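Let the sequences and hints guide you as you build the complete structure.
Residues per chain, in single letters:
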Amino acid sequence: MIELYHVWKQYQKPHWALSDVTLSVRKGEFCFVTGPSGSGKTTLLKTIFREVLPTEGQIIIGGKNILRIPDSKIYTVRRPMGIVFQDFRLLFHKRVFDNVSIALRVLGTPPRDMKRKTFIALRMVNLHPKIWDYPSQLSYGEQQRVAIARAIVNNPRILLADEPTGNLDPDLAHEIFGLFREINKQGTTVIICTHDKELIRRFGGRVLHLQEGKLHGKDVG
Amino acid sequence: MILQKAKYFIKESLHNLWQFKTRHVFSLTIISLSFVVLGVFLTMSNNLRFRARELSKDLTVIFYLQKTVPAGEHDLIVDQIRRSPLVGTVRSISPEEASAKFAADFPDLKAILLNLNANPFPASIEASLKDPGLPTETILQFIAEVKKNAGVEDVQFNREWADKIRSLGRLAEAVGLFLGGILVLASFFIISNVIKLNVLARKNEIEILRLVGATNTFIRIPFLFEGVLMGVAGSALSLLVVLILIKLFPLYLGSSLGALQEIVGFRYLTLAQALGLVLGGGSVGLLGGLTSLARFLRI
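Line by line, the protein sequences are chains A and B.
Counting in our numbering, the first sequence runs from 1 upward without gaps.
Counting in our numbering, the second sequence runs from 222 upward without gaps.
There's no promise every hint is true.
Which residues of chain A face chain B? A partial, calculated answer using Cβ under 7 Å [unchecked claim]:
| id | residue |
| --- | --- |
| 1 | L67 |
| 2 | R68 |
| 3 | S72 |
| 4 | R78 |
| 5 | L91 |
| 6 | G108 |
| 7 | I200 |
Keep in mind the hints are simulated off the structure, nothing from the lab.
Owing to the predicted nature of the structure, the values given are computational and were not obtained by experimental measurement.
Ideal Cβ positions, reconstructed from N, Cα and C, are used throughout, including at glycine.
Now the structure itself:
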């Protein structure tokens, strides 16, 4: 499903954000990426959804080399993905409904389906009572849940999440991970970057450890 | 699905126009003024051309006679004119009739006439030609024949007036197109820059749209709609301003226009011209948007 071959990424010399990363994530796999701050977790995710281009290496997703896809067709890479960003990337001048439904709108989903799916996604993250609020009216944790709802609203084949529970209380974080597990059970490949070792231990799955851009893999649970 | 998308794009464009309303109102005013200049000159040209056409329809030659012309010679001249196969009707106008007509047409200037000791108007003979399509050469030949009479002092041929008015109309159109062209070009740059500012202001939104899988077209269309809406609204507003100007201008000039009011009876732009202006506004907006997106939204 997702294959990275000898991926290197350098933002500034002499430091390498990713250093010869080769990995393969199978379809339907539940995967954690851990490592200290600055170890390259976010860069790894960004190369997968092609927000950053690797300095060297190849990335194959669903049999397609995504680095060969022209910029104008980049949406073909991203449409099957749901992405939860560390900084949420919400539209603060739009309501929660618009923030979540935008992922469906770009696909041309009919309005009725769009409303239904958006409501379901928001109910999954327990935010449906705030569907008509603006993100600025929400707490940090609630904004994070809006970002999660946007990522899952179109039933993505791949779900990438960068510290998705960083600002949530333990109970809600547990609930969100449970949600990711549920989505994974439906066949979605899930890759989560997190520091939370307790949640990794509790939910289990493949753990990829990054240290100074180098990958060390081990299986847990 | 197309309707749904179109609805979304229009909603987004209107929302964005409203979000930065000060910027857009300012641009709209300038775009509108540019089209007002174009509209005013087109209206002037229209009116002059219409007047020229009206004059050409009723082809008249007026022979002004010397004050000292004896009654017998006057009758001979009238007879000569009447015998010409080109002439339809002939009318003699006495100095008194001419004076009375002037006083009626220009009431404000009536006092001047009263202050003069003598009637300044000469007697004249007005000859209406049968066929408005007669070649100018033939008419000039006829005029030259009549002018051989010593009693004829001056001749006024309204086709010359028509030609002059027509040239004036062409000049107004050319000036309008030149000035309007420059101002419309300015509108193009304004729209282009406003779209650039909008793109920069919504950089974050564009990035998010790309990350959730929006196509480039999906991202670009609302900006293009904004350009088109500004162009169309600006030019439509200019039509309203030109209409108001046309209605108000004669009121402003008031009775001082006198008989000229009839001559300059203001006519509005033709439907084709009005549609052309709105279409032109839309095209300028579209081009402004496209240029801006090509330069500042490289996605």
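A quick look at each hint next to the structure:
1. Below 7 Å, beta-carbon pairs count as interface contacts, and L67 (chain A) has none with chain B, the closest being about 17 Å; its hint is therefore violated.
2. For R68 (chain A), the interface hint is violated, since its Cβ never comes within 7 Å of a Cβ in chain B; the closest pair sits about 18 Å apart.
3. Checking S72 (chain A) against chain B: minimum C-beta separation of about 6 Å stays under 7 Å; hint holds.
4. At about 4 Å, the closest approach between the beta carbon of R78 (chain A) and any beta carbon in chain B falls short of 7 Å, and the interface hint on this residue holds.
5. About 6 Å separates the beta-carbon of L91 (chain A) from the nearest beta-carbon of chain B, less than 7 Å, and the hint is met.
6. Taking 7 Å as the C-beta contact cut-off toward chain B, the hint placing G108 (chain A) at the interface holds, the least distance being around 5 Å.
7. Interface hint status for I200 (chain A): violated, as the beta-carbon distance to the closest one in chain B is roughly 26 Å, over 7 Å.
Violated hints for the displayed structure, listed by number in ascending order: 1, 2, 7.
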